[in-house]
Amino acid sequence: MPTEFLTHNKIRLALHHLRSLDQAPDPQCRPLLLLHGLGERSPDTVPSWAVAWPGPIAALDFTGHGASTVPRGGGYSSEMLLADADAALEALTGPDHTSSSTGITVLGRGLGAYIGLQLAGARAPQVYGTILCDGPGLAGGATEPTSMNFFALANDGLPPDPYALVELGRDLRPPDYATSFVRLAVTGSPLDQPITVCAVFHPAWLEAALGEHGVAESTLGDALSSYAALG
Amino acid sequence: MDHSAEPKHRTPPVPIRAYSGARSPDRHYRVDSDGVSIAVHEWGQESDPILILVHGGFDFARTFDGFAPRLAARGWRVVAWDHRGHGDSQHAALYSWDADLRDAIAVMTHVSPHSAVPVIGHSKGGALMIQLADAQPYRIAALVNIDGIPSKRPIPDVAEHERTKMLAGEVAGWLDHRRSTATNQRKPGTIAELATRRGRMNPRLDREWLEYLVTVGAFESEDGWRWKIDPSMRFGGFGPWRPEWALARLPGLAMPFLGVLVSEVEEMGWGTLPHHVTPYLPVDGRLEFVEGAGHFVHIEQPDMMVDMVLELFERVA
Chain G
62 MPTEFLTHNK IRLALHHLRS LDQAPDPQCR PLLLLHGLGE RSPDTVPSWA VAWPGPIAAL
122 DFTGHGASTV PRGGGYSSEM LLADADAALE ALTGPDHTSS STGITVLGRG LGAYIGLQLA
182 GARAPQVYGT ILCDGPGLAG GATEPTSMNF FALANDGLPP DPYALVELGR DLRPPDYATS
242 FVRLAVTGSP LDQPITVCAV FHPAWLEAAL GEHGVAESTL GDALSSYAAL G
Chain H
122 MDHSAEPKHR TPPVPIRAYS GARSPDRHYR VDSDGVSIAV HEWGQESDPI LILVHGGFDF
182 ARTFDGFAPR LAARGWRVVA WDHRGHGDSQ HAALYSWDAD LRDAIAVMTH VSPHSAVPVI
242 GHSKGGALMI QLADAQPYRI AALVNIDGIP SKRPIPDVAE HERTKMLAGE VAGWLDHRRS
302 TATNQRKPGT IAELATRRGR MNPRLDREWL EYLVTVGAFE SEDGWRWKID PSMRFGGFGP
362 WRPEWALARL PGLAMPFLGV LVSEVEEMGW GTLPHHVTPY LPVDGRLEFV EGAGHFVHIE
422 QPDMMVDMVL ELFERVA
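One line per chain: the protein sequences are G and H, in this order. So in this note's numbering, spot 46 of the first sequence is number 107, and the numbers just go up one at a time. So in this note's numbering, spot 5 of the second sequence is number 126, and the numbers just go up one at a time.
The set of hints was computed from the structure by calculation and includes no laboratory data. Fair warning: this is a prediction, and the values are worked out from it, not measured in the lab. The reader is advised that the hints may include incorrect statements.
[As the list claims (entries may be wrong)] Label pairs and their calculated CB-CB ranges:
#1 H:E281 <-> G:Q89: 53 to 59 angstroms
#2 H:R300 <-> G:Q84: 40 to 46 angstroms
#3 H:H282 <-> G:F262: 30 to 36 angstroms
#4 H:S301 <-> G:Q89: 30 to 36 angstroms
#5 H:H282 <-> G:E65: 33 to 39 angstroms
#6 G:T207 <-> H:M425: 36 to 42 angstroms
#7 G:P236 <-> H:S384: 34 to 40 angstroms
#8 G:Q84 <-> H:W218: 40 to 46 angstroms
#9 G:F262 <-> H:E281: 26 to 32 angstroms
#10 G:E278 <-> H:D153: 33 to 39 angstroms
#11 H:T317 <-> G:S286: 58 to 64 angstroms
#12 H:P364 <-> G:D87: 44 to 50 angstroms
All C-beta atoms, glycine included, are put in the ideal place defined by N, C-alpha and C.
With the rest of the complex left out, here is chain G:
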């Protein structure tokens, strides 16, 4: 089952199973979900920086990226990508999946880190640790209204969708909005530290998240080991 296609409203989402349950060194370990950065696509194989995870590994192509649908006319928001990630969570923990896991761990790069933070808060009981890493789209847009303008973009229907690049690259990210998801995660998660920051660059939203109770800072290797050890 290398690639599974999920349906999110009118979008067909590609969920790539990079390491299946029977290939995992520890099949009892919950799945790791990789969320890519802005303009990226999921890797074809387990990337070197995630090899240490002992359980199954899956990677999602967000709307407008990789093998997922490129819709017409734009309209992207990080909240819509949160719903993409939620579709992957449902697929990895749902009754049809071979894993008996009721939860996942999330590793997000760049934009995927911001979406991972939102998922950690939105589905706190099912997300056993979220790791936030550097990557394209980490900063996002402004923290308050700007003088931005609006134009139609040349679009050949191929990924990455230019509307995704523009709209998600300037997505408003007020720090207190980000911290509201941290508080949701801390309130709903079974873990004391449900979020770990591995990113070197700290835009305003991430700096604010780091200041919250329940957010740790460490290396990627340590973060993976720590969340894997939870069983």
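Given chain G, put chain H in place with the hints provided.
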């Protein structure tokens, strides 16, 4: 591949119900907004000066069937469109404020590529037009905003952990809704049933009008009538945007501006009061407060509203 789809049903050319003073548009056509098909409706002579009407969220252009013909009768070519996912416009894969603005620009470029035109926006349509007037002032000659100036919501006096709990429920509820949108359909019913449902959000509008709206804003299938609006859409929601941010754009507007606020608070309005807006009025701006009227003041009192907006537009013309 893009799986968004044209709505299966279009409005019949002649409504099956009549309403005093209401009239179907004189022309219908479609404008392409980068692959999303937008339904445009016009009232009045094609040779008359253009006036743009912009509807609010969960509304559609035909809610102007009473207001627009009155403007057309006073010598204007009135142009309105259904926002993506609303009315007869295409159900898109994605919806956002930015996308609505680009669709507006596509229609305005189609009807008036080189000249600024007067614009009336209601509710969300008014808030959208404040942002467009700030971003592309060369498109708008004068702006009327009918109960569409967002203001800061009063923060309920609840503890932080209670607010977190409320947000948790809101976010989880929205995600649960997204998990079912691929197969969701609007609930079917009779014309009377749909009018009753609409009446809960429009409590001040009369029954005859609500039933008329069903016949131009819903479609009939074997098991009953359904509103045309994309079933993936949901009232409310969450996000980083703050209503009060719209106010920050007001003081800089250079075109003549008229804001209309109402005394009767309704579910679909922001409940903005004059003292929220007055400090932000632009130099050539004024505010009217209509006592005893609700969010749909242009439907409740169309003749009064026509006089009020045309006083501004005729001065500009």
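So, going through the hints one by one against the coordinates:
no. : hint                                  : verdict
1   : H:E281 <-> G:Q89: 53 to 59 angstroms  : violated, 37 angstroms
2   : H:R300 <-> G:Q84: 40 to 46 angstroms  : violated, 28 angstroms
3   : H:H282 <-> G:F262: 30 to 36 angstroms : holds, 32 angstroms
4   : H:S301 <-> G:Q89: 30 to 36 angstroms  : holds, 32 angstroms
5   : H:H282 <-> G:E65: 33 to 39 angstroms  : holds, 38 angstroms
6   : G:T207 <-> H:M425: 36 to 42 angstroms : holds, 37 angstroms
7   : G:P236 <-> H:S384: 34 to 40 angstroms : holds, 37 angstroms
8   : G:Q84 <-> H:W218: 40 to 46 angstroms  : holds, 44 angstroms
9   : G:F262 <-> H:E281: 26 to 32 angstroms : holds, 29 angstroms
10  : G:E278 <-> H:D153: 33 to 39 angstroms : violated, 49 angstroms
11  : H:T317 <-> G:S286: 58 to 64 angstroms : holds, 59 angstroms
12  : H:P364 <-> G:D87: 44 to 50 angstroms  : holds, 49 angstroms
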